[in-house]
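2 protein chains.
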Amino acid sequence: MAYAIGMMSGTSLDGIDVALVDLSGCDENTTCELIHYKSYPYDSVTQQEILAASHIETSNVALICSLNFKLGKLYSEAVTQFLKEFNVQSPLEFIAIHGQTIHHLPNPTNGLTHSTLQIGDPAQLAFDHKTIVVSNFRPMDMIAGGNGAPLVPYTEYLLFRDSQKNRVLQNIGGIGNVTVLPKNCTEDEIFAFDTGPGNMMINAAMQYFFQKDYDDRGNVAKQGKIIPELLKNLQSHPYFDKLPPKATGRELFGEDVVNKICVHYHQFPNDVIHTLTELTAWSIADSYQKFIMPKLVIDEVIIGGGGAYNQFLMDRLSYNLPNITVKRQEDIGLSSDAKEAIAFAILGNQTIHSRPSNLMSATGAKIPVILGNITPNPWNFK
Amino acid sequence: MAYAIGMMSGTSLDGIDVALVDLSGCDENTTCELIHYKSYPYDSVTQQEILAASHIETSNVALICSLNFKLGKLYSEAVTQFLKEFNVQSPLEFIAIHGQTIHHLPNPTNGLTHSTLQIGDPAQLAFDHKTIVVSNFRPMDMIAGGNGAPLVPYTEYLLFRDSQKNRVLQNIGGIGNVTVLPKNCTEDEIFAFDTGPGNMMINAAMQYFFQKDYDDRGNVAKQGKIIPELLKNLQSHPYFDKLPPKATGRELFGEDVVNKICVHYHQFPNDVIHTLTELTAWSIADSYQKFIMPKLVIDEVIIGGGGAYNQFLMDRLSYNLPNITVKRQEDIGLSSDAKEAIAFAILGNQTIHSRPSNLMSATGAKIPVILGNITPNPWNFK
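If you're matching them up, the sequences are chains A and B in order.
First residue of the first sequence: 993, per my numbering; consecutive thereafter.
First residue of the second sequence: 993, per my numbering; consecutive thereafter.
These aren't lab readings, by the way, just hints derived from the structure by calculation.
Mixed in with the good hints there might be a few duds.
Remember, identical chains collapse to one label, so a pair may be satisfied in a single copy or spanning two.
To be verified - Below 30 Å or equal to it, Euclidean Cα-Cα: the simulated DSS-like pairs (lysine-lysine) are:
1. Lys-1214 with Lys-1076
2. Lys-1122 with Lys-1374
3. Lys-1157 with Lys-1319
4. Lys-1252 with Lys-1319
5. Lys-1175 with Lys-1122
6. Lys-1358 with Lys-1122
7. Lys-1065 with Lys-1234
8. Lys-1374 with Lys-1175
9. Lys-1204 with Lys-1234
10. Lys-1157 with Lys-1252
11. Lys-1214 with Lys-1287
12. Lys-1252 with Lys-1065
13. Lys-1217 with Lys-1065
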């Protein structure tokens, strides 16, 4: 038994997800029990700073330098609060963090290098909580020839594969990503890719029109209707036709794109939200039809991430996927919210055990490698 | 016996210094023999990218994201070239890298956080050379209450302390920094601080006026004369009166400041170079008179770093320090050039041995801590 904490802070900028898990073993012998989970929202200043740091036009080195340490501090404060709230007394074997992605260049142009950038320095967490921190998981996969994403599929393989059903796991965070687990699959048989926007476009438009972080239960979308020329235009984005493995981020589906849409259709806020929600549902279903269903009969789709709580999005997804069972993670006794934080605890566990954790079929890497950096417990002198 | 590589790439942007050392022991039992050393210059495009990434006005997140990986690649290529040139066959226990500082905010304003940012991701080195990489040494010292700099003094304490002489070690890289080693000193008795500009201002002016990287042997400065109002103005900078421990960087003495000077005095290039050289010599001597000599009789000053080869700067330093012996590291059988790269090998060795390596008296940290992040050898599965 080893208590460990996994932490995720995603592109949707909701905040810092903290999961305390009880882990044992590694590889296919991993067992992982969720003990406690809570998400700590970013304050609006921090959200604005992350957005500013993520965009070419508004970012600069002082902001990135400062925010890297500020996020490290916020991560540490979230863990302090978490341990207190749940009265956790047991020592932690390690903390594993995803960090905050502020840029991802899997297919760079203009002389730039294939790269990714997650910030949130691990030193403060290691110092305050007197523990090892595992961080910066994505670069090594990119160096091994992969896209650095998605990384969660490896952990889903460990936790979700079923002996009877072809399962498709769809995460709807800022970005949408899917993991396909054929029944009784081996590691080589899994595949995964980013389907396109998750909540990112919807949330950006909600922010633009209503200064709200998200469309609660899809109630705004429900009041609008499709803007056909906008939907058609967005559906023609070349990302949707690109063969997996593929990964995307704020560059293609972020505020820059959405703000232009909002300006153009400023008289029809509900219709914009409706259309972006439809696009998200369509892009998920369309990617299944193009890239999964030709190979496999899908028995079950399990939705995780914040998008699982957008009822209108879920309805549109079911409509776009006739004859397929669409469930939420909660429907099978799991937690949509905690999934990614748990995943990083499992990835950290692999690194601590000197074991690889990139799924070549998901990231496109040429070989399996041990991911991440280990920050030693700075107090633990030998 | 353990072969290890230490790598430094400093604010002077000369390039990538690589030192192969034979290390044994740790703490005060460290022995370190330099086997080979070579510096690999940055090409001018990379230099320009680093400068652009370092300045608030010209930096952006895509450049920083890309350059972080590009530098990691250049580091790895430098090691490949180095191992080939010197026909090194022995396996490496580890590689330790400083990384390239693109920002340092020890005393931030405008709501920014106390922070520092070194880039050059370690993944490529670990992957290509199938070894452990230790990196990112500065953040943990800052979290422990220090300035994150200078870090070299700890290694100088291990290598340079003398039973008979009060030694002052002056490094003149981009920035000037000094370490004071009283005879037979203990760790607590050392102190160190950044004296101010090293070659940074001279080099920036050489670039502005002559498109050259540095003033070879000080020959340009020698042809000029002092501009009294400029010297007086620069000497009045509050940094020079600030009590140690203190650290500085490109923010105070970089291109932004120098370019304004060059524009103003554009008719007098040699005089500008002369005055900036005098400022550098004066700032070193002045800091000794203010902060060292009241406590200690200096027996010997040993100069390291590129500035040791600027004969005019050395002459002005001797003139400003009457009755004190000023030597180069070479005069006592060591290498000015290799010093910092060796230092990072020693710091990496401390981290690998779970030992602290920040000198509280140098950085201002509240406690000693284990510094840095360890990137596991990604191929070394257990």
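| request: Could you tell me which of the hints above the structure violates, numbers in ascending order? | output: 1, 4, 5, 9, 10, 11, 12 and 13
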